[in-house]
Every structure is written in C-alpha cells, then in structure tokens.
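2 protein chains.
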Amino acid sequence: MGRPPTNTKLRLLETAHELIWRNSYGAVSVDGICEKANVKKGSFYHYFPSKADLAMASIDWWMTNTIPFLDDIFSPSRHPIDRFTLLIDFIYEKQEDMRIEFGQVCGCPFITIGSELAAQDEIIGAKISAITQQKMTYYQNALRDMIAMGLIDEKTNVELKAEEIYAFITGNMMLARIKNDLKFMKTSLKPSLMNLIGVNLSAEDLKKLTI
Amino acid sequence: MGRPPTNTKLRLLETAHELIWRNSYGAVSVDGICEKANVKKGSFYHYFPSKADLAMASIDWWMTNTIPFLDDIFSPSRHPIDRFTLLIDFIYEKQEDMRIEFGQVCGCPFITIGSELAAQDEIIGAKISAITQQKMTYYQNALRDMIAMGLIDEKTNVELKAEEIYAFITGNMMLARIKNDLKFMKTSLKPSLMNLIGVNLSAEDLKKLTI
DNA sequence: TCGGTATTTGACTAATCAGTCAAATATAGA
DNA sequence: TCTATATTTGACTGATTAGTCAAATACCGA
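So the protein lines, in turn, are chains H and L. Heads up: take any position in the first sequence, counting from 1, add 911, and you land on the working numbering. Heads up: take any position in the second sequence, counting from 1, add 911, and you land on the working numbering.
Please note that a few of the clues may not be correct.
Note: identical chains are not told apart, hence a pair may lie in one copy or across any two.
To be verified - Lysine-lysine pairs mimicking DSS-like chemistry, simulated, CA-CA at most 30 Å apart:
#, residue 1, residue 2
1, K951, K920
2, K1066, K1090
3, K1097, K1005
4, K1066, K1094
5, K920, K947
6, K1090, K1005
Hints in this document: simulated from the structure, not taken from any laboratory.
Required output: the full structure, derived from the provided sequences and hints.
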C-alpha cells in the first residue's frame, strides 16, 4: 500500500543522538542534523513535529538500544562483582572509542542532555529520571545478590546504595567529559566503586581492577 | 578622570550567571541577559567582546565569590569531618534556596556549563577543569589531616580519594538537578560521603548526619 | 496500467540570534 | 567652564533559527 517505508527516521534518530551527545542540544540545529543525515528539512518535519520531539525520541531510541547490553552485563548468571566490573569495562570502552573517533570524551548522553534541559523542560527531566531509575534497578538487583552471597553487609540499604553507585559513576563520566580525560576511569574507577559498594577485596584483587 | 564607573559590568556578570545556571548557556540569549540586567546591548559589547567571554567571566566571578566560603568551611581550625559535613550543608542550603525561589534545583553551575560546552570549547573545558582541581585541593588538605588524626587509613591515596569525593558530590548535584529533588542530598549524602571517605563512625553518629 | 498512500522536495516565513557602530551623555579633574 | 574619558544609547546588519506547505515523486497492490 503506497510508497514503501525508508530508514529516514532512523537516520535522523542516529544523527541527532550522535550530534547532541558530542556537542549539546543547544549547539545542534535542525539544519545541521538534516545535513549530516542527508535528509531535507521537509522530511524532518514529516517524521518529527519539533526539534524537542526528535531529541526525546532519540533518547528513547538510545535507551532501547542499551537495554540488551545491560541485560547481558547484569545477567543473574554472572557473579555480582563481575556485573559491576563489566559495566565499567562497557562504559570505558565506549568512551575510549568516541575519544579516538571524535577526539572527545563524551560522557553519558542521558545525563548530559538531562543536565542541559531538565530545568527548562520538565518532560525531559521526567524521562531522564525514569531512565536513571531503570538503571538503578539493575544495581539494586546485583546488590541483593551480593547480600545473599555475604559479599556486603546484610544491613545495606540497596535503594540508597544503588543511588550512590549511580551518582558516583555518572559523576565520573561527567568529569571525564569536562576534562576530556579517561585516566581516572581507566585506572581507579573499578576499585573505587568496589570500596563504595562496600565489598571486601584483598589488596591483590583490588590491583587487578585497573582496566 | 572622565565619566565615573558604574555597576553595569557586575550586573551583567550576576545576571548571566543566574540565567545560565537556572537554564543553560544555549538557552540564554544576549538579549535576554541585557533585558534582565536592564542594560542596552551596546553596553553589553562595551564590556564583553562576546557572549562566550561573558560566560567565562561569570564563571571566574562566581568562583572568586565562592573561595571565601570554601576557606571558611575548610579552615584548618575545624575538625576535618566537620569540614565535609559543613560543605554538604553549604551546598544543600544553596540548592534549597534556589528551589524555593525559582522552583528548580539547579545543581553545580560549573559542572552544568562545563558539561554543556566542554566538548565544543576547550578553553571552557580547561577553566572548569582548573576549578575542579582547585576544589579537590581543599579535599586533599582535609584528607591529610584525617590521616594524621588516625580517622582514615594512613595508606589512603589522598589525590584519588579527593577525586572520588568530587565525583560523588557533583554526581549527586547533577541528579538532584535532573530530578529536581533534594531528598537524597538532604537525608543520605552526608553518611554516604563518610562511608566513601572511609571514616569509621558509629551507627549513632551516622544517624545524626541527616540535614 | 492505475489509484492510493507514504515519502520527499525546495522554496518559503517570521522570529531570533550575536554582534556593530556612530553619536549622545555624564562627570571628574584641570 | 572646558576637556578628556568612560559609559550609554538605539538603530542597524546579516546570519541563522525553527518551523510551514503545496507540489512532486515513488511504489505497492489491485
């Protein structure tokens, strides 16, 4: 029935996500997105009613892409400590890839755009908050397994601890973006995170946690 | 000699700082700053060569304003644990004030603008990185006193620990901005920070750390 | 081959953007 | 009162912004 669908919408989502992540929402124009995606402006507004709508959709699209990776990393079949160390590996590798390709450590796309726009647009604030909550759920699940295995204090408040972990990791990613430097993330984030979680590792084991 | 100086430049610095902090660099226009500061555009460009220059100057201005508070909070005459709890009080009170006045938790102005612009403007990235380093120096100083007093492990790497503390606090401020919610900062940040620092407090003492 | 439908195009608008500049103004010191 | 100097003004530009729209196009299924 009619003209067949194309990948135009997807190209717009991908391009918007990359440009906004590497720069910022305010620094990226609809014209810029269209040019890079090789899409005419008329087509843009055929698929998205506004620039803000595209940004929202690209956030959703990226989170949907991310979930399978999180499901793998936080698979209950893994040792819970490995889940967190794998998470740091996953984050570090992506950041390093972007640093090599674009010359810029880009940090967390959700937090970057959330920090920029949450104060002006409460819908985007709510969306990023929901993503934050969703990620913390993975952490809570792993923390409960750690308690069950006697790896951390059984009186640990997993909701609070998950929020600490999230703040700590995103704080590091933010600083890495600002300093355009992955040194701390590469050499210290894993052992620091283990200390924050409260898991007891030998000095030897801690040393192994540098990427 | 000639027409006497006015507070026009200061009004521009204050206004730019407030508007950028509450919104974002990209969302604030030179016209908007001028209108709020009651300054004509010609005067703006008499004092600042560009919008970016004003933003840089407003960052410097705010940091200069902040230093006396940090000097007080991190006075060597204070108990080092008190320095950190006072720091959290200081941060929380400012955030709560802005939440009441503007309806919005605004987070850290340096990190917010740094996250937005560091990838596009390496000068601003370097400036925020320097401010970050300057703040961590206060933390390092306090950590060394804690070691001397036997409050934390003497083998603590104070440079790394200071970076952890900074990432943790700024991560929390960023999340507070995105969620427009100070709950965690009010009830949990102090004890969480004490745990991260590695200071041993009794359960009773920990409970006292809610603001 | 043709009709219906989704997609694409390019020219368009109106608003806003950062930035310019020559002229007007105010005042301290001579 | 005069002059040097710093400040202020308001109209101006040219570029860029997000967003609009009617017409053209492509193709599936009948």
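Each hint, compared with the structure:
Within a single copy, K951 and K920 get their C-alpha atoms as close as 12 Å, which meets the 30 Å cut-off; across copies the closest is 43 Å, which misses it. Taking identical chains as interchangeable, the C-alpha atoms of K1066 and K1090 lie at most 30 Å apart only when they sit on different chains, with a minimum of 27 Å there against 37 Å within one chain. Proximity of K1097 to K1005 under the C-alpha cut-off of 30 Å is restricted to the intra-copy arrangement: shortest distance 12 Å within a copy versus 33 Å between copies. In the homo-oligomer, the alpha carbons of K1066 and K1094 lie at most 30 Å apart only across protomers (21 Å), although the nearest pairing inside one protomer, at 34 Å, exceeds that limit.
In this assembly of identical chains, the alpha carbons of K920 and K947 lie at most 30 Å apart only when taken from the same copy (13 Å versus 40 Å across copies). In this assembly of identical chains, K1090 and K1005 lie within 30 Å of each other by CA distance both inside one copy and across copies; the values are 17 Å within and 26 Å between.
Checked against the numbered hints above, the structure breaks none of them.
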